[in-house]
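Order-wise, the sequence lines are chains F and C.
Mapping of the first sequence onto UniProt numbering: residues 1 to 632, in sequence order.
Mapping of the second sequence onto UniProt numbering: residues 1 to 632, in sequence order.
Since the hints were made in silico from the structure, they are not lab data.
All of these numbers come straight from a predicted model, not from anything done at the bench.
Be a bit skeptical, because a hint or two may be false.
Copies of the same chain are indistinguishable here, so a pair counts whether it falls within one copy or spans any two.
[To be verified] With a straight-line cut-off of 20 Å between C-alpha atoms, the simulated DMTMM-like cross-links for lysine to aspartate or glutamate are: (1) Lys215 <-> Glu200; (2) Lys175 <-> Asp216; (3) Lys465 <-> Glu358; (4) Lys90 <-> Asp70; (5) Lys175 <-> Asp222; (6) Lys173 <-> Asp216; (7) Lys54 <-> Glu13; (8) Lys632 <-> Glu601; (9) Lys155 <-> Glu95; (10) Lys632 <-> Asp216; (11) Lys587 <-> Glu368; (12) Lys173 <-> Asp222; (13) Lys632 <-> Asp222; (14) Lys165 <-> Asp2; (15) Lys363 <-> Glu305; (16) Lys285 <-> Asp275; (17) Lys431 <-> Asp340; (18) Lys165 <-> Glu283.
Listed here are the chains, written in short residue letters.
Number of protein chains: 2
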Amino acid sequence: MDSLEKLRKIIKESIPKSAEITDVLYEGPEISVYSKNENFIGNDHAEIKNLVKKLRKRIVVRSDPSIRIDNDETVAVLKKIIPEEADITKIMFNENLGEVIVECRKPGVAIGKAGEKLKEIKKQTFWIPRVIRTPPIESRTVALVRSMLQKERQKQKSEFQKIGKRIHRQSMKSKLNIKVTALGSFREVGRSAILIQTNESSILLDCGLNVGNSKDLYPLFDNGNFNIEDLDAVILSHAHLDHSGLVPFLYKYGYGGPLYCTEPTMHLSTMLQLDYCNICEREGKPAPYSKKDIKNAVLHTFCLEWGKVTDITPDIKLTLHNAGHILGSSLIHLHFGNGDHNLVFTGDYKFQRTRLFEAASCKFPRLETLITESTYGGIQDVVPSRYESEKQLIQILNSTLRKGGKVLIPVLAVGRAQEVMVVLEDFISRKMIDPVPIFVDGMISEATAIHTTHPDFLNSELREKIFHQGKNPFTSEIFTQVDGYQARDDIIAGGPCVIMATSGMLQGGPSVQYLKGIADDPNSSILFCSYQVEGTLGRRIQKGFREFQHYSSTGKRSLVKTKLAVFTVEGFSGHSSRSQIISFIRKVKPRPERVLTLHGEASKCMGLASVIHKRMKSETRSLQNGETIVLK
Amino acid sequence: MDSLEKLRKIIKESIPKSAEITDVLYEGPEISVYSKNENFIGNDHAEIKNLVKKLRKRIVVRSDPSIRIDNDETVAVLKKIIPEEADITKIMFNENLGEVIVECRKPGVAIGKAGEKLKEIKKQTFWIPRVIRTPPIESRTVALVRSMLQKERQKQKSEFQKIGKRIHRQSMKSKLNIKVTALGSFREVGRSAILIQTNESSILLDCGLNVGNSKDLYPLFDNGNFNIEDLDAVILSHAHLDHSGLVPFLYKYGYGGPLYCTEPTMHLSTMLQLDYCNICEREGKPAPYSKKDIKNAVLHTFCLEWGKVTDITPDIKLTLHNAGHILGSSLIHLHFGNGDHNLVFTGDYKFQRTRLFEAASCKFPRLETLITESTYGGIQDVVPSRYESEKQLIQILNSTLRKGGKVLIPVLAVGRAQEVMVVLEDFISRKMIDPVPIFVDGMISEATAIHTTHPDFLNSELREKIFHQGKNPFTSEIFTQVDGYQARDDIIAGGPCVIMATSGMLQGGPSVQYLKGIADDPNSSILFCSYQVEGTLGRRIQKGFREFQHYSSTGKRSLVKTKLAVFTVEGFSGHSSRSQIISFIRKVKPRPERVLTLHGEASKCMGLASVIHKRMKSETRSLQNGETIVLK
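Input sequences plus hints: build the corresponding full structure.
Okay, here's the thing in structure tokens:
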């Protein structure tokens, strides 16, 4: 009798006949029970809750498809029950979950008092209604992901059943053994990839590419311990390409297992991966994967909320927690065996509340090994406070704009762009800078749209502002979206303004076109407010170089000399400063026995490891790529 | 054109036509040139020496087989040229090397003044004569290995050609990367195995089994970095089973490459492996390999002398140096790339001159990483001096013998047995202990015979005594070789005596039969003078347990209580004491940047690493099995 058969038996025995259970299936890490009795559908019945406690597995009760009423009829019922003032913009069905998703402008109205409307819908249609807020800006990526999943429901269902079967396989070993192998981002910034192995599982944390070093683009996939066929799960800390950029590559080369991340991470990484493929195509470089592989990754994604414990292998449980770095960014908590060992990988994190996000979480039920990023872990990385940084930003903006210059801010589409937008909107509304036009170019708008799709992942103040005060800084009219070469040339030829453009490290894209356009103007400025990876043009200019090779869209090379004033405002970084990292390690509960540093230049990873060791007396190590250590 | 073709071209171009070169072939790491001109044969011609310097490869010039005279005729020539007083005991031919080996009692007479006899033999026969001394005791193992190789010359020749081709393959990578993976003997004593990988080579240092823990008998062969098909070379530090015991297992599972070690190590490990197979058979346990696999290992063995640099892969050169632990034991020095990194693995070593051996070497041309054993590396491991230990031994012997008791000394067949024999022979000849019979049981005699076959590997004093004073302690009449159960029972029933018997840790064998036989006699003693591995009966008794389960030859179990006085004399150990290890690390030239500790209980490996770090300020680590570190 396999484990699913056993489960079926237990569930059928524990639940009264009246529940009319028709089937029990795996659905990724969860177990879905199908019922024909409306009272059991929806997972809030006491007997189900007891079963969850007993089995220590996540169980959801779905309606048996045969009793669900027809989609068109359901839409009619919805329109009858939900008042018109709820302002429904979209109705979508998820047949796998038996859910009908109602997107509307006034969710409160659609839900009704104590959810009375929802109960009524469930009763009449046997679909479980889920109400979501219509985002103020529509995201093309979100629409794409939705339509793709809509078409592939059957395939996803069967994939999730396979995945579930693998997750719930019988545990083979009694003794726990845990190994960590450094595949990428150790003593460097880029190609984040950590292999975690126990004697029965193998999982990968992040799978990024090397932004600043195309020669070492890939993590060390040729490491002997890495075997794509053995991989049980891939977990994504956040969407930046140095963490997510090679996930589709895994699917291209045979991986067919689950990808765990938050929903915003799924949307943002899909956007960035599609863009990466486009850039490769445009530059005539072979892309490491195609759009088909990106689609395949989305199909295998199991979205997780923060704080929810999920079985991902017979001996590993996963919980994501807020990391405060970008939208959806997470700390990854792994619980091994019976809790004999627990590990947190921070990914990139900010241990300070920002305009957009809450500070990273620092409380865990258990913790033995902490793996922390070290981007600003060097002794010289003293980062000014937010207050200081904002003051500095105001000064730079005003002094440049008043000289008639332009301020070019190269930004990553995701993260700093939105942070700076909120700051600028605030400055202008409080009249702290002159009301010049602010141009937003590149993928920033699309990323911003994804932000407005997931307001739950923003901090409470910003949510309050958007929902209850009706002031959404992202939709402010001070921002002008730019498209195309001609528009850019007009801006370059025009008057004082602020230009936010990708790519954030001047690795191609509109930011480079603007740079070339305004390079000659000594009254204009370039302002870096996010980390510049070693090897990028951004880093070169930041370090003081004033000449660079420019390749036009037709491939013509020219030497550009820049007269721009160059500024760096570190305080807006989404990374923890050295003192924030140390403060995080001091405050994290419980105190870890072992700390590993990664994601920083070699000197920073080693310097940080050394200061942690001195102050905390915990074992610390700065591994090198290719190294394997035994945790237990 | 492959690398051999290139070599042929260069060699033929560099050497005059008169040399009559007929062929150039690989012979393992060496290159053998075949010539029909007697002046070129034998590798001392100036043009060949220049070529060796130029190519930086080892070249030997052999006679073309077609010009060598018939074996019987050669024997006749030998007998004519070598005077009868040389006392020839054996004449053997090695067709692969074109050598005729003359074993005789007076080598000096056979060689003649300035080697005149040898030159004459070469001239008349076209065989290169090699004269070796007839050992005073004949070894069955040496005879077995010789006859086996004699039968398999053709096969060995073709295997060595394949091996040579692989060694001299084209180097693929320009950048050097070196990884060390701990497969066994890290934080434990047993199953010594270290995997060393560069970006183009993969070699294994030692391949031992776990003597004290049959549950973890094997090194971590399932480690992802270990891949038997990728293995270029196996190097053996010395013959003890915890270092050599699983070498034939590699050949059983498909390894077909070279095994590098000294000649005594080949003989001793073959003896111990054959004995291990016999013991498994006797105890009804499945042996991990058969005699056929041991034979296969011998066939692929390339014996090295100390101090000779050998190419073993395109980017690794190997040199063995004296380790002072047992006969033929070696420190392994590896030189990577163009000398960018150098590593020494000590194996087991004694950094002190003993009765048998010189102290371990401590000078190397270059050295960055040192891997040292830690058997006695604990802070409490204060080992008395040799002088103290000998005094203590005399006291124990005299007090026991004078009470009419027997002294049982369990010894490993190889190492301590011979050391203690030399000590006892000295004591008796100097009348420091009473002249009681000394019984030698188990494989000790055979191991002793192998010692007498390789006098060059003993220290200068002992060699002087044997060769020039004609006093061979090993052949002294005070020792009586014992065979069979009945003889043992007679000894047990008899009067005061010293019994040296294997196994050294009371893991079966005659030592256990004696222990059971004399256990009841409070006047008798058991004396441990070698390291007792955790988990063995020897260790239990040493720690104070006075009861044990005994299984008779018929499998009958009985509980034995012992009344014996238990003594441990640490000073005879073949391992360096803690202070000797530290002194070695202080004196080793040049000073290594990094020290790794292994081959010791966990606390000793870690304790030793810690003290080295404090005193030497070098990076030190006590790896765990399964861990991988990057050296460069």
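Which numbered hints does this structure break? Numbers 17 and 18, in rising order.
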